[in-house]
Amino acid sequence: MESTDLLEPTERLELGKTKQLTTQETLLQVRNLKKYFPVKAGILQRTVGHVKAVDDISFHVNKGETLGIVGESGCGKSTMGRSLIRLYEPTEGNVLFDGTDITNLSERELRPIIRRKMQMIFQDPYASLNPRKSLGSTLNEPLLAHKLYSSKKERDEKIKDLLNVVGLHSSSMNYYPHEFSGGQRQRIGIARALVLNPELIIADEAVSALDVSIQSQIINLLEDLQSTFNLTYIFISHDLSVVRHIADRVGVMYLGKLVELANKNDLYAEPLHPYTQALLSAVPVIRNTGVQQKERIVLKGDIPSPANQPPGCVFHTRCPAKMKICETQIPEFKEVKPNHLIACHLYQ
Amino acid sequence: MSFLEQKAMVTEPFIVEENHNYVHESIWRLMFRKFMANKLAVIGAFLMIIIIGSALFAPWLAPQDPSKQVLLDKLSPPGEKYILGADILGRDTLSRLLYGARISLLVGFASVAGSIFIGTAVGAIAGYYGGTLDAVLMRIVDAVISFPSLFLLITLVTIFEPSVFTLIGVFAVFGWTGTARLVRGEFLSLRSSEFVLAAKTLGIRSSRIIFSHILPNAMGPIIVSATLGVGGVILAEAALSYLGLGIQPPTPSWGNMLQSAQNPQIMLGAWWYPLFPGFMILITVLAFNFIGDGLRDAFDPKISE
Numbered sequence: 001m002e003s004t005d006l007l008e009p010t011e012r013l014e015l016g017k018t019k020q021l022t023t024q025e026t027l028l029q030v031r032n033l034k035k036y037f038p039v040k041a042g043i044l045q046r047t048v049g050h051v052k053a054v055d056d057i058s059f060h061v062n063k064g065e066t067l068g069i070v071g072e073s074g075c076g077k078s079t080m081g082r083s084l085i086r087l088y089e090p091t092e093g094n095v096l097f098d099g100t101d102i103t104n105l106s107e108r109e110l111r112p113i114i115r116r117k118m119q120m121i122f123q124d125p126y127a128s129l130n131p132r133k134s135l136g137s138t139l140n141e142p143l144l145a146h147k148l149y150s151s152k153k154e155r156d157e158k159i160k161d162l163l164n165v166v167g168l169h170s171s172s173m174n175y176y177p178h179e180f181s182g183g184q185r186q187r188i189g190i191a192r193a194l195v196l197n198p199e200l201i202i203a204d205e206a207v208s209a210l211d212v213s214i215q216s217q218i219i220n221l222l223e224d225l226q227s228t229f230n231l232t233y234i235f236i237s238h239d240l241s242v243v244r245h246i247a248d249r250v251g252v253m254y255l256g257k258l259v260e261l262a263n264k265n266d267l268y269a270e271p272l273h274p275y276t277q278a279l280l281s282a283v284p285v286i287r288n289t290g291v292q293q294k295e296r297i298v299l300k301g302d303i304p305s306p307a308n309q310p311p312g313c314v315f316h317t318r319c320p321a322k323m324k325i326c327e328t329q330i331p332e333f334k335e336v337k338p339n340h341l342i343a344c345h346l347y348q
Numbered sequence: 001m002s003f004l005e006q007k008a009m010v011t012e013p014f015i016v017e018e019n020h021n022y023v024h025e026s027i028w029r030l031m032f033r034k035f036m037a038n039k040l041a042v043i044g045a046f047l048m049i050i051i052i053g054s055a056l057f058a059p060w061l062a063p064q065d066p067s068k069q070v071l072l073d074k075l076s077p078p079g080e081k082y083i084l085g086a087d088i089l090g091r092d093t094l095s096r097l098l099y100g101a102r103i104s105l106l107v108g109f110a111s112v113a114g115s116i117f118i119g120t121a122v123g124a125i126a127g128y129y130g131g132t133l134d135a136v137l138m139r140i141v142d143a144v145i146s147f148p149s150l151f152l153l154i155t156l157v158t159i160f161e162p163s164v165f166t167l168i169g170v171f172a173v174f175g176w177t178g179t180a181r182l183v184r185g186e187f188l189s190l191r192s193s194e195f196v197l198a199a200k201t202l203g204i205r206s207s208r209i210i211f212s213h214i215l216p217n218a219m220g221p222i223i224v225s226a227t228l229g230v231g232g233v234i235l236a237e238a239a240l241s242y243l244g245l246g247i248q249p250p251t252p253s254w255g256n257m258l259q260s261a262q263n264p265q266i267m268l269g270a271w272w273y274p275l276f277p278g279f280m281i282l283i284t285v286l287a288f289n290f291i292g293d294g295l296r297d298a299f300d301p302k303i304s305e
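Taken in order, these protein sequences are the chains called A and L. Residue numbers for the first sequence follow full-length UniProt numbering, beginning at 1 and rising by one. Residue numbers for the second sequence follow full-length UniProt numbering, beginning at 1 and rising by one.
If you are wondering where the hints come from, they were derived from the structure by calculation, not from laboratory data. Don't take every hint at face value.
As the list claims (entries may be wrong) - Pulled a few chain L residues facing chain A out of the computed Cβ check, cut under 10 Å:
(1) LEU30
(2) PHE32
(3) ARG33
(4) ALA62
(5) GLN64
(6) ALA135
(7) SER193
(8) LEU197
(9) GLY203
(10) ILE204
(11) PRO216
What the hints assert, rightly or not - Just the calculated beta-carbon pair ranges, DEER-fashion:
(12) A/LEU96 / L/MET36: 41 to 47 Å
(13) A/LEU144 / L/ALA113: 27 to 33 Å
(14) L/LEU30 / A/VAL336: 56 to 62 Å
(15) L/ILE154 / A/LEU148: 29 to 35 Å
(16) A/LEU144 / L/VAL136: 32 to 38 Å
(17) A/SER58 / L/ILE118: 31 to 37 Å
(18) L/MET219 / A/LEU144: 18 to 24 Å
(19) A/SER281 / L/ALA121: 55 to 61 Å
(20) A/LEU105 / L/ILE50: 56 to 62 Å
(21) A/SER106 / L/PHE151: 45 to 51 Å
(22) A/LEU144 / L/ILE154: 50 to 56 Å
(23) A/LEU105 / L/VAL144: 36 to 42 Å
(24) L/ARG205 / A/GLU270: 47 to 53 Å
(25) A/THR328 / L/VAL144: 51 to 57 Å
In this text, a Cβ means the ideal position worked out from N, Cα and C, and glycines have one as well.
All chains should be built: construct the whole structure from the sequences, respecting the hints.
Dropping the structure here:
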C-alpha cells in the first residue's frame, strides 16, 4: 500500500498488522439488543405504542475485522449503531465491550474507557462538525477532556500527526469547517474519531453523503487506517457494493431485526434469506464485466411500519416464499451453515 | 464491480495543498462582512453609535443643565438660545433629550440583558434535558405569557415606587419568555445534531457541550432577539412614562417628555415640544430593528453572499 508510507509514526504503529494475522478474539458482543421508542398521544402524552427500531438483535464483532450492516432506509441500522455506543439508551439487552457490560454504566463510568475506545464516524460531513470551532480546537477538545497530554505542544504535535495521517495539511489547524470541501470534512470527522486512539469505530453511512470518487478515497483511507492502527469497524451502509468491498462479514437488517449474518463471500455468492436474495438481485451490474445479472426479485408492497410490526416473521408480508408458519411464529436467528446465521423458517 | 474500478483509479492519497492566495476567515469575520453588506443595517449601526455616544457624553454635549427652569422662556420655539426649543417649564429640550437618552438606553439595555439571561438559562435547561423538566418550565412560560402584561406592569409599577430600577426589574421579569422559547427550540434541534453526538461519544461533559458547542451555535437568534428587544423596551418605557407610570419627573426620559406635551394646546401651538422626543424614539427603535434584521441575515448560514 503506497499511501501507508506517508503515515506518521505513532505510538501504536507497532500494533499494526495485516488483517489476516488478527486472532479471532471477540471485541464486541451484542445480546438481544432492543431499542423501542415510545409513541405518545393525547394531551396527557400517554404511551400508546412503541416503534421497534431495533428488535432483539444479537451478534458479535471480532477484533480487527469489519462488520458490515446493510438494510434499507428506516430498518434501524443507525439506531442500532447509536444504541451500541450509548448515544441512545437501549430498552433491553446487553452490549459487552471487551468482556465488560457497558449497557448499564453511567456516563461518568463510560468516560474513562468506553468514551475513548468506541468512536463514531457520522454520515453528514456538514452537520457533524461544529461550525464555530476551528479544526485544531475540535481535535484538541477530546485530548483536553481526557487529559491525555500535559502540554499544549504535545497536543499540537499529536493533532498535526493525525492530520497528516488522514491526508490533510497540518497547517489547516486554524481553519473552520466551512473552509473545507465535503470530502475534506469527512477526513476531519475521521481524524476526530481517531484522536483518542479507539479500538472500535462505528461508521454510520460514513461515505453515503459523498460523491463516488470521494467515496473511494475515504474507503481507501479507512482501510489504511484499519491496518495501521488495528481498528475494528462496524460499517453501516445501504450501499451493497461499498459494504462488499470493505466488510469481512455482513449482517442484513430488515425492520429492526437481523435476518442474515455471514462471511462476505458466502453472503454475496449464496444469500439464503429471501430478503437478502431480493436485496442483492437489485444491485445493478455493469454489462461486459462477465458478471451475470441475477434475475431481479421484485418485492411486493411496502415495508411495514416499525410501530406496527406484523406477527410472526416480520418479512412474511412481502416474502415470495411465505409459508403458513411464517404468519404466526417468529423464526429463530441461528446458524444453518458454519458462520452463516439466518432467521427464516425455510432453513429451520 | 464498478466500485472496485473506481478504487483502482484513485491511488494517490489526497493532500490539501497549502494555498497562499487563500486567506482564511473565521466565522465571525464572515458574518461581519455579511452584516456590512446590508446597507440598512449599517445605517442602523451608525445611528446607534451616534445615539449611544451622545448619551454617554451628555454632560459635555448638553448646552444647559437639563433641569434648569427659566419660566420666562417657556415654550420658546427652536432658535438661537434654545436650539430645539424649550418646554413648558422653560427647560432646554436638547439638553433634556441628551440626558433622556441615557435613561431610555439604560432601561432598554439593562432590561434586555436581564431577560436574555433568564430566558437563555430556562430555555437551555428545558431544551437540553427535555422530558418532565422541559414540560414544567414551558408551562411556566405559558403562564407568564398569558398574564395581561401592560395591566400587570401598571400594577407592579404602582406598588413599587416607579424608578429606573423597578422598571428594569419589571421588564426583565416579564420579558424573558420569548427568549426562553427561542433558545429551547435551538437547543432541542442542536442537541441531536451530529456534532453534539460526536462530542458525547468523545466523552465531553454536558456542561461543556452546553456552553461550548450548543450555545455558540444558538447565539445568532439570541443576539437578534436581544437587539429587537431593546427597541421594544424603549417603546414600552415611553408608553409607561406617557401614562405617568414610568420615569418620574424631573428626571428626563423621552417618554415623560412626551407626556408633559400631552396638552392639545401645546401640541398645536408648540409643535417642536412633542416632536423631538417622539422623533428620537422613532429613530432609536428603527435603528435597533435595522441592526436586528442585519444580524439575522448575517447569522443565517443559509443566506450566502
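Results for each hint:
1. LEU30: Holds: closest Cβ of chain A sits about 7 Å from L/LEU30, inside 10 Å.
2. PHE32: Because about 14 Å separates L/PHE32 from the closest Cβ in chain A, which is outside the 10 Å limit, the hint is violated.
3. ARG33: violated, 13 Å
4. ALA62: Cβ of L/ALA62 sits 43 Å from chain A, so the hint is violated.
5. GLN64: violated, 49 Å
6. ALA135: This hint holds: L/ALA135 lies near chain A, its Cβ roughly 8 Å from the closest one there, short of 10 Å.
7. SER193: holds, 6 Å
8. LEU197: Constraint on L/LEU197 satisfied, holds at 5 Å.
9. GLY203: holds, 3 Å
10. ILE204: With a closest approach of 5 Å, the L/ILE204 hint holds.
11. PRO216: holds, 4 Å
12. A/LEU96 / L/MET36: 41 to 47 Å: violated, 57 Å
13. A/LEU144 / L/ALA113: 27 to 33 Å: holds, 31 Å
14. L/LEU30 / A/VAL336: 56 to 62 Å: Check passed, 58 Å falls within 56 to 62 Å.
15. L/ILE154 / A/LEU148: 29 to 35 Å: Because 60 Å falls outside the window, the suggested range is violated.
16. A/LEU144 / L/VAL136: 32 to 38 Å: holds, 35 Å
17. A/SER58 / L/ILE118: 31 to 37 Å: With Cβ atoms ~49 Å apart, the hint is violated.
18. L/MET219 / A/LEU144: 18 to 24 Å: holds, 22 Å
19. A/SER281 / L/ALA121: 55 to 61 Å: At roughly 57 Å between Cβ atoms, L/ALA121 and A/SER281 fall inside 55 to 61 Å, so the hint holds.
20. A/LEU105 / L/ILE50: 56 to 62 Å: holds, 59 Å
21. A/SER106 / L/PHE151: 45 to 51 Å: holds, 49 Å
22. A/LEU144 / L/ILE154: 50 to 56 Å: Roughly 52 Å apart at Cβ, these two residues keep to the hinted range, so it holds.
23. A/LEU105 / L/VAL144: 36 to 42 Å: holds, 40 Å
24. L/ARG205 / A/GLU270: 47 to 53 Å: holds, 49 Å
25. A/THR328 / L/VAL144: 51 to 57 Å: holds, 56 Å
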